[in-house]
Amino acid sequence: MRGLPPPRATMGAVKEVLVRVAGLLFAAAYAAFLVSVYTRQPRTVQQLASGVAASVGAYQVDPVNFQEGLRFFRNDQFPEARAALERADPARQDAPTQFYIAYSYYRQGWGRVYRDDALYHQGLEVVDRAIARAPGGRLVVPDPTLQMHTADELRAELQRGLTRELSDLNPMKVFEERK
Amino acid sequence: MTTRPLPAAREAFVLPALFLTVAGAGGLRIAPAGGALSFVPPPLITLVLAVLLLGVMARAGLLIPGGLLGDHRTGLENASGTVVLLSLFAASAQLFTCLTPDAGVLRLVFNLFFLFLLWNTLAAQPDRTRLLRSLIVVFGWAYVVRYVALAALADPQAGWTRRLLTVLLEGATAGPIEGEATAPLAGYVAFATVALYMIGLVLLPRPAPSAAVALVATRTGEVVE
Numbered sequence: 000m001r002g003l004p005p006p007r008a009t010m011g012a013v014k015e016v017l018v019r020v021a022g023l024l025f026a027a028a029y030a031a032f033l034v035s036v037y038t039r040q041p042r043t044v045q046q047l048a049s050g051v052a053a054s055v056g057a058y059q060v061d062p063v064n065f066q067e068g069l070r071f072f073r074n075d076q077f078p079e080a081r082a083a084l085e086r087a088d089p090a091r092q093d094a095p096t097q098f099y100i101a102y103s104y105y106r107q108g109w110g111r112v113y114r115d116d117a118l119y120h121q122g123l124e125v126v127d128r129a130i131a132r133a134p135g136g137r138l139v140v141p142d143p144t145l146q147m148h149t150a151d152e153l154r155a156e157l158q159r160g161l162t163r164e165l166s167d168l169n170p171m172k173v174f175e176e177r178k
Numbered sequence: 000m001t002t003r004p005l006p007a008a009r010e011a012f013v014l015p016a017l018f019l020t021v022a023g024a025g026g027l028r029i030a031p032a033g034g035a036l037s038f039v040p041p042p043l044i045t046l047v048l049a050v051l052l053l054g055v056m057a058r059a060g061l062l063i064p065g066g067l068l069g070d071h072r073t074g075l076e077n078a079s080g081t082v083v084l085l086s087l088f089a090a091s092a093q094l095f096t097c098l099t100p101d102a103g104v105l106r107l108v109f110n111l112f113f114l115f116l117l118w119n120t121l122a123a124q125p126d127r128t129r130l131l132r133s134l135i136v137v138f139g140w141a142y143v144v145r146y147v148a149l150a151a152l153a154d155p156q157a158g159w160t161r162r163l164l165t166v167l168l169e170g171a172t173a174g175p176i177e178g179e180a181t182a183p184l185a186g187y188v189a190f191a192t193v194a195l196y197m198i199g200l201v202l203l204p205r206p207a208p209s210a211a212v213a214l215v216a217t218r219t220g221e222v223v224e
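Protein sequence lines, in the order shown, are assigned to chains A and B. The first sequence: position 140 = 139 (numbering that gives the first Met the number 0), numbered continuously. The second sequence: position 90 = 89 (numbering that gives the first Met the number 0), numbered continuously.
A couple of the hints might just be wrong.
Unchecked claim - Taking beta-carbon pairs under 7 Å as the criterion, some of the chain A residues facing chain B (in silico):
1. Gly11
2. Val13
3. Glu15
4. Arg19
5. Gly22
6. Leu24
7. Leu33
8. Val36
9. Tyr37
10. Arg42
11. Asn64
12. Phe65
It should be emphasised that the hints constitute simulated quantities derived from the structure, not laboratory data. What you are looking at is a predicted structure, and each value in this text was computed from that prediction instead of being measured. Note that CB positions come from ideal geometry on N, CA and C, so glycine has one too.
Work the whole structure out from these sequences, hints included.
Structure follows, in structure tokens:
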């Protein structure tokens, strides 16, 4: 058996290789997690924890709070709807929930003779987040109570509301309907 | 320079975990009112300071690149060593972010303080132990000024601490120094961050005894001459 390393030495070498490979995987996963935290910028410990759950695929929207948010939304109680939807999706990871939050900003900010710029800006920020979270950036919400079913339509509508143009002076605009 | 062999688990797990934790926690900011979190990426100046700090460490023998990378190591070992070096660089940059005020003249003063101190240390060529002591003093003082003194100056409830600092600084500056409000938890996080970083530095590969003796002999020879 001359020339062959003793079994214990071989086991030790294999173990070291395994430890190093596991260490590399661990370091890569940890670094990716830190980069995602710095990118997402969670504001609370709850958002941070939910982000961890989302990164391992264990994140779920709370269905009770989501349904409550929808009920408030359909009753035009927008601040209440947003509070419930934020509770349902504390990590801001679920694209449809973020879509409804953005939609609530649109509906609350919509006025027959004016648009609330501050609310529209907030809506634009949230709809951008919804698009970022949607697979391939395409988000469709088949809700028959809405007039806009895609995040792209909602985004365009919010941007139109923020743009100043001559057609804003058109008196016929007061007959436009809220979507 | 040859190094004592580092246990695989320490090189592959412990050191990256320590340094990545420091890199993550170093940029954490906690709002004094409400406790909202935010994560600050490293400003450019901290990258420069981190390069300088790694240079100082390499010069002093605290960081021995040959112990982490080289032809004598396998590809996997070199990959582990690269991870340690990269995470050490990220941790160093974020440690400066942690210990530096976020804005204002004080930020400039802190950065200049670090820059000149590191430059001076580079010129002094300390050995491993002296550099470790020096870094503890530098980071310790920066921590005390940032999280104790400046926080006390910004806190109207600080009472005698604030009055004492105001009296001490009277005449030393052209105008009143404005503190920087920090959440109490931020001080504890920063303390843990500095401590973890120093532990990580102590765990880096050490020179082999023969190399250490040769280094001492060379230094002694220099002194005799």
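>> Let's test the interface hint: is any C-beta of chain B closer than 7 Å to that of A/Val13?
In response: violated, 11 Å
> Would the hint on A/Glu15 stand, with a C-beta cut-off of 7 Å toward chain B?
Replying inline: Interface hint status for A/Glu15: holds (5 Å vs cutoff 7 Å).
> Does the CB of A/Leu33 sit less than 7 Å away from some CB of chain B?
Replying inline: Holds: closest Cβ of chain B sits about 4 Å from A/Leu33, inside 7 Å.
>> Can you verify the interface hint for A/Gly11: is its Cβ closer than 7 Å to any Cβ in chain B?
In response: Hint violated; A/Gly11 Cβ to chain B Cβ min 10 Å, cut 7 Å.
> Under the criterion of a CB-CB separation shorter than 7 Å, is A/Asn64 in contact with chain B as hinted?
Replying inline: violated, 21 Å
> Taking the least C-beta to C-beta distance, is A/Gly22 closer than 7 Å to chain B?
Replying inline: A/Gly22 check passes; min Cβ-Cβ to chain B is 2 Å, inside 7 Å.
>> Does the closest beta carbon of chain B sit nearer than 7 Å to the beta carbon of A/Arg42?
In response: At about 5 Å, which falls below the 7 Å cut-off, the nearest Cβ of chain B leaves the hint on A/Arg42 intact, so it holds.
> Does A/Phe65 meet its interface restraint, that is, does its C-beta lie within less than 7 Å of any C-beta in chain B?
Replying inline: The hint is violated - A/Phe65 has no Cβ within 7 Å of chain B, the shortest such distance being about 24 Å.
>> A/Leu24 was flagged as interface toward chain B. Is the shortest Cβ-Cβ separation under 7 Å?
In response: violated, 10 Å
>> Restraint: A/Val36 near chain B, CB-CB cut 7 Å. Satisfied or not?
In response: holds, 6 Å
>> Under 7 Å is the threshold here; is the Cβ of A/Tyr37 close enough to any Cβ of chain B for the hint to stand?
In response: Holds: closest Cβ of chain B sits about 5 Å from A/Tyr37, inside 7 Å.
>> Does the closest beta carbon of chain B sit nearer than 7 Å to the beta carbon of A/Arg19?
In response: holds, 5 Å
In summary, the numbered hints that this structure violates are 1, 2, 6, 11 and 12.
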